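Q: One-letter residues, chain by chain:
Protein chains: 2
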Amino acid sequence: MTRVFNFSPGPATLPESVLRQAADEMVDWHGSGMSVMEMSHRGKEFMAIHAETESNLRELMGIPASYKVLFMQGGAIGENAIVPMNLIGRTGMADYVNTGEWSKKSLKEAKNYGTVSIAASGEAGNFTAIPRQSEWKLQANASYVHICSNETIGGVEYHWTPETGAVPLVADMSSNILSRPVDVAKYGLIYAGAQKNMGPSGLTVVIVRDDLIGHALPITPSAFNYKTQADADSMYNTPPTYAIYIAGLVLKYVKERGGLPAMEEHNRAKAKVLYDYLDQSSFFSNPVAREDRSLMNVPFKLKDESLDDTFLKGAQDRGMIQLKGHRAVGGMRASIYNAMPIEGVRALVQYMKEFEAQHG
Amino acid sequence: MTRVFNFSPGPATLPESVLRQAADEMVDWHGSGMSVMEMSHRGKEFMAIHAETESNLRELMGIPASYKVLFMQGGAIGENAIVPMNLIGRTGMADYVNTGEWSKKSLKEAKNYGTVSIAASGEAGNFTAIPRQSEWKLQANASYVHICSNETIGGVEYHWTPETGAVPLVADMSSNILSRPVDVAKYGLIYAGAQKNMGPSGLTVVIVRDDLIGHALPITPSAFNYKTQADADSMYNTPPTYAIYIAGLVLKYVKERGGLPAMEEHNRAKAKVLYDYLDQSSFFSNPVAREDRSLMNVPFKLKDESLDDTFLKGAQDRGMIQLKGHRAVGGMRASIYNAMPIEGVRALVQYMKEFEAQHG
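Residue numbers (the numbering used here), protein chains in the order written: chain A, 1 to 360; chain B, 1 to 360.
The following block holds chain A by itself, in its conformation from the complex (with noise of 0.2 angstroms):
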């Protein structure tokens, strides 16, 4: 067997050794005669392994204790609707800002609870670039400032975290989350699919701040609602076990491999070896700000892009999937999540030197 070099945008590449643990104990949990996806939720093994889960990333991204940790479903997409079915009650309008594809879609949705106002865009850089925050319009009134701190499809990332006062930041994390340390205190509400750096899909972290729970609309689902999630510790109905173990696996994988600071570590690393590739050549080229550059996703293009397919056929053979860059703005994308090996960048970057060299 094989693993391949999986660059996928999500779901994405996981730690081959939760993989095998999770083979492991498939049939038979540690003892308990059968698998964590046949546990009843609310029996005394799944309990355990929920709370553990939530007790490591607690103590991974130092979460506050006045801050909740819901184990959701429905994925970011799913959350760009309940964050304002949630929140936005509170003043009836909420600040957006847009820095792609990502943001596109949640400020759209948002528009259905309330009034959205986007506070600053890059769109006329064709979202190249996070706008500065001097450049922002923040209304003091907002119920809260929606960001997507990583844009997976544009490859922009936050390197900084904006300052909203009095009202709450809120953050789509879902394609940097784990990757590096983050303030939590500093965000009202941070959402996160699990299937980039977390587990598999199916599962949505929700972190969010005791205050701002309790302000549903009438017409929030019970199961979306995070009064009712948080008054029953996640449990309202019947989470998604199966994930929040794997998601679990993971949180243990990086707690031993360091926390977030090595994470951050190993990611910037990574991220250099091919930024560093991409900035000398002339055949490849990433449009990203620099200081904007996403340590997750890396988007790039080929000067020749009649050569793309040949170019993602070559990797394919080379043991490199998923390398094709999204729809809306075409090229190549390569994902490296925290579960992405240097050895994966490196063996990709050789690639790519052949490639220019024969094509270039």
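For the record, the hints were derived by calculation from the structure and aren't laboratory data. All values derive from a computational prediction rather than experimental measurement. What you were told as hints is all true, and nothing was included just to trick you.
Same chains, same label: a pair holds when it works inside one copy or across any pair of copies.
Lysine to any residue pairs mimicking SDA-like chemistry, simulated, CA-CA at most 25 angstroms apart:
hint, residue 1, residue 2
1, LYS105, TRP136
2, LYS108, TYR236
3, LYS313, SER32
4, LYS44, PRO15
5, LYS303, ALA347
For this one, chain A is given, so just place chain B on it according to the hints.
A: Chain B only, in chain A's frame:
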């Protein structure tokens, strides 16, 4: 390793062969060099898994071509809101039949989106029988009539299909889907959380007739809008890929064992072993009307409830777990879904006999 007999109401026991295959394929699915968990949902490998799963569900249930199969998230409790969000806007009102705890949850949730009328209720009889159709008060202008085809907590099940004329029949089939043949054409919509007869929690299957798609209220989140999801082949947001894969393995298992007619025969035989014993016992009792007894969930009580804990402890010592009844009804409950072997039910009855001999 000894596998337990797991009588959990859900998440529930799964076929051991499915778990073994999942373990074998965990690190490298079919030579792809990756786990199913790591696959892009838009890659050819997962697209094939997804298509095969849908195709097998269609074949097993005989789903007509005029119905869409959607793989969604949020469970039946999520769907309790999502159904009215999508359907009640057609006329603004809906009929609900109240047969117990799960019906009550459904109708309470629906009230947020339109006018709900109780067509019939088993409450006066403490939900020990399904109200006969002759007692139902249906309204011609209802958007739909909602039933829960099997009450997981109370243990009552429809063994007949209601006639609702031109008004679409909607059924929460979470706890009896795939347990026996169903004439899908008699329903407008069927929904089910996967975690009883189909796979892991975190996956919700919705089977919906084409003409019922496209009537969603404006406040319906895109991720939960049947039209958005139907148009995107359930991939408007990232689906719960691993849960879909496991459901696919379960469906193949059901097919190999003779499909839904064979499941029904198997389930009837299991339920008979347990009900026959209960009916002749003077120590254990089941309160449900014989013609409405569930083949999936069998609640029962001890004559002396002070012995409940002793009974549960003894069962646990014999490798039989999760027999405690739901707090809403007390006593015991044996959930005996497709994957529970008849040996499990026989072992339970043998233990009950011994317990009765000792304490009766």
